[in-house]
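Position chain B against the provided structure of chain A, taking the given hints into account.
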Amino acid sequence: MKKTKLGLLFSRVRYEEKLLFQAAQRHAAVQLVPLNTNDLVLDFCTLPDVDVVLDREISQSRALHVLNMLENTGVKTVNSLDTARIGGDKVLTSQQLRKAGIPTPRVKVAFTREAALRGIEELGYPVVLKPVDGSWGRLMAKIENRTAAEAILEHKAHLSSHYHGVFYLQEYVSKPDRDIRAFVIGGKTVAAAFRSADHWLTNAALGAKAYPCPITPELDALCVKACQAVGGEAIAVDLMETKDGFTVHEVNCAMEFKASMNALEVDLPGLLIDHCVRVGHEDRKG
Amino acid sequence: MSNCPECGGVLKLSPDVIAHEILDCPTCGTELEVMSVDPIKIALAPEEEEDWGE
Numbered sequence: 001m002k003k004t005k006l007g008l009l010f011s012r013v014r015y016e017e018k019l020l021f022q023a024a025q026r027h028a029a030v031q032l033v034p035l036n037t038n039d040l041v042l043d044f045c046t047l048p049d050v051d052v053v054l055d056r057e058i059s060q061s062r063a064l065h066v067l068n069m070l071e072n073t074g075v076k077t078v079n080s081l082d083t084a085r086i087g088g089d090k091v092l093t094s095q096q097l098r099k100a101g102i103p104t105p106r107v108k109v110a111f112t113r114e115a116a117l118r119g120i121e122e123l124g125y126p127v128v129l130k131p132v133d134g135s136w137g138r139l140m141a142k143i144e145n146r147t148a149a150e151a152i153l154e155h156k157a158h159l160s161s162h163y164h165g166v167f168y169l170q171e172y173v174s175k176p177d178r179d180i181r182a183f184v185i186g187g188k189t190v191a192a193a194f195r196s197a198d199h200w201l202t203n204a205a206l207g208a209k210a211y212p213c214p215i216t217p218e219l220d221a222l223c224v225k226a227c228q229a230v231g232g233e234a235i236a237v238d239l240m241e242t243k244d245g246f247t248v249h250e251v252n253c254a255m256e257f258k259a260s261m262n263a264l265e266v267d268l269p270g271l272l273i274d275h276c277v278r279v280g281h282e283d284r285k286g
Numbered sequence: 001m002s003n004c005p006e007c008g009g010v011l012k013l014s015p016d017v018i019a020h021e022i023l024d025c026p027t028c029g030t031e032l033e034v035m036s037v038d039p040i041k042i043a044l045a046p047e048e049e050e051d052w053g054e
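Protein sequences, first through last, are from chains A and B.
If you count by this note's numbering, then the first sequence holds residues 1 to 286, one letter each, in order.
If you count by this note's numbering, then the second sequence holds residues 1 to 54, one letter each, in order.
In isolation and in its complexed conformation, chain A is listed as follows (with noise of 0.2 Å):
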């Protein structure tokens, strides 16, 4: 049987890239490609030989010109530059979840101080202001009124970046203390994690605890569809539950599973490397 080149991308082997490698070593259908950004020298012509790409690249900026010049060689992406891209921005990221008519948090946009005040007011306290392209907690913000409200808007307006010209606002959702992460590889909801903290953010990056969560027939068929909505195929969907149900306020393109994997029986990087392994059977048969 011929092995599935597989390559994957990546610039810094944390606990998640370290069990990837080990998973495609150990697959009898793997031909491990590792790809360090730090390395690659690419043109338009010459990429690597490899049939599926499995994106672990942590830059993001970096991910979308590499997924780029791969895809438009005929590389396929695990995920796909469009997903990353999407998945990369809350901005795209809540218009495809509204466009699919998933339950997500209501959210305005403004590019100036005086119109995320506006929008803020809109939204009625308190309200999350977040980096349009942040992870892990990082920069986020519960503004609780409109002094608090006036002086965050101030600082970051000092910010470098020109992506904090970006005043992304999202209600806050009255939620129990945890949140959950689910797990969709290849069309199914593969497993689940509640994430609890004493603090209202619950990322494992700041130390929420993860514990197993049960899929239901209504979490699996909301995080397909959210998956689906960001044209994923790997995708850790962040959910909250309300008294109206559940809300998507997040997808996750590299998921990052160090935290649930503790608390889980699931192997995720065998199912991805399986996943990648059914991707470049499929396309080379296609």
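These are calculated hints, taken from the structure and not from any lab test.
Note that beta-carbon positions come from the ideal geometry of N, C-alpha and C, so glycine has one too.
Hints may be right or wrong, so weigh each one.
Claimed, not checked - Result set (EDC-like, lysine to aspartate or glutamate): computed pairs, CA atoms no more than 16 Å apart in a straight line:
no., chain 1, residue 1, chain 2, residue 2
1, A, 18, B, 33
2, A, 258, B, 54
3, A, 3, A, 49
4, A, 76, A, 283
5, B, 12, B, 24
6, A, 156, A, 114
7, A, 188, A, 218
8, A, 209, A, 177
9, A, 76, A, 282
10, A, 2, A, 283
11, A, 130, B, 50
12, A, 130, B, 51
13, A, 18, B, 24
14, A, 188, A, 220
15, A, 188, A, 274
16, A, 175, A, 198
17, A, 18, B, 16
18, A, 3, A, 282
19, A, 156, B, 50
20, A, 188, A, 267
21, A, 5, A, 274
Stated by the list, open to error - Covered stretches of chain A (chain B as the covering partner; in silico rule of three or more C-beta atoms under 8 Å from a C-beta of chain B):
no., region
22, 53 to 60
23, 247 to 254
Showing chain B alone in chain A's frame:
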């Protein structure tokens, strides 16, 4: 085995350590990167960039 470039503390590396693996120094907590495994070479890991994440 190796030593932390920041504090000199002893680093006990796992037998399956791989190149570019990230680990924390158990003595000072500094984030480190395994630059190579043969020979073992350890450096400070790059600092978090604004566009890092999932």
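The hints, checked one at a time:
1. A/18 / B/33: 13 Å, holds
2. A/258 / B/54: Holds, at roughly 12 Å.
3. A/3 / A/49: 13 Å, holds
4. A/76 / A/283: Distance ~7 Å between residue 76 of chain A and residue 283 of chain A Cα, so the pair holds.
5. B/12 / B/24: 11 Å, holds
6. A/156 / A/114: Roughly 12 Å between the alpha carbons, so the hint for residue 156 of chain A and residue 114 of chain A holds.
7. A/188 / A/218: 13 Å, holds
8. A/209 / A/177: Holds, at about 11 Å.
9. A/76 / A/282: Holds, because 10 Å separates the two Cα atoms, which is no more than 16 Å.
10. A/2 / A/283: 13 Å, holds
11. A/130 / B/50: Distance of about 13 Å is within 16 Å: holds.
12. A/130 / B/51: Holds, because 14 Å separates the two Cα atoms, which is no more than 16 Å.
13. A/18 / B/24: 15 Å, holds
14. A/188 / A/220: Holds - the C-alpha atoms of residue 220 of chain A and residue 188 of chain A are around 7 Å apart, at most 16 Å.
15. A/188 / A/274: 13 Å, holds
16. A/175 / A/198: 12 Å, holds
17. A/18 / B/16: 10 Å, holds
18. A/3 / A/282: 13 Å, holds
19. A/156 / B/50: Holds - the C-alpha atoms of residue 50 of chain B and residue 156 of chain A are around 14 Å apart, at most 16 Å.
20. A/188 / A/267: 14 Å, holds
21. A/5 / A/274: Satisfied, since the Cα-Cα distance of roughly 13 Å is no more than 16 Å.
22. 53 to 60: n = 3 at 8 Å, threshold three: holds.
23. 247 to 254: It holds, with 3 qualifying residues against the three required.
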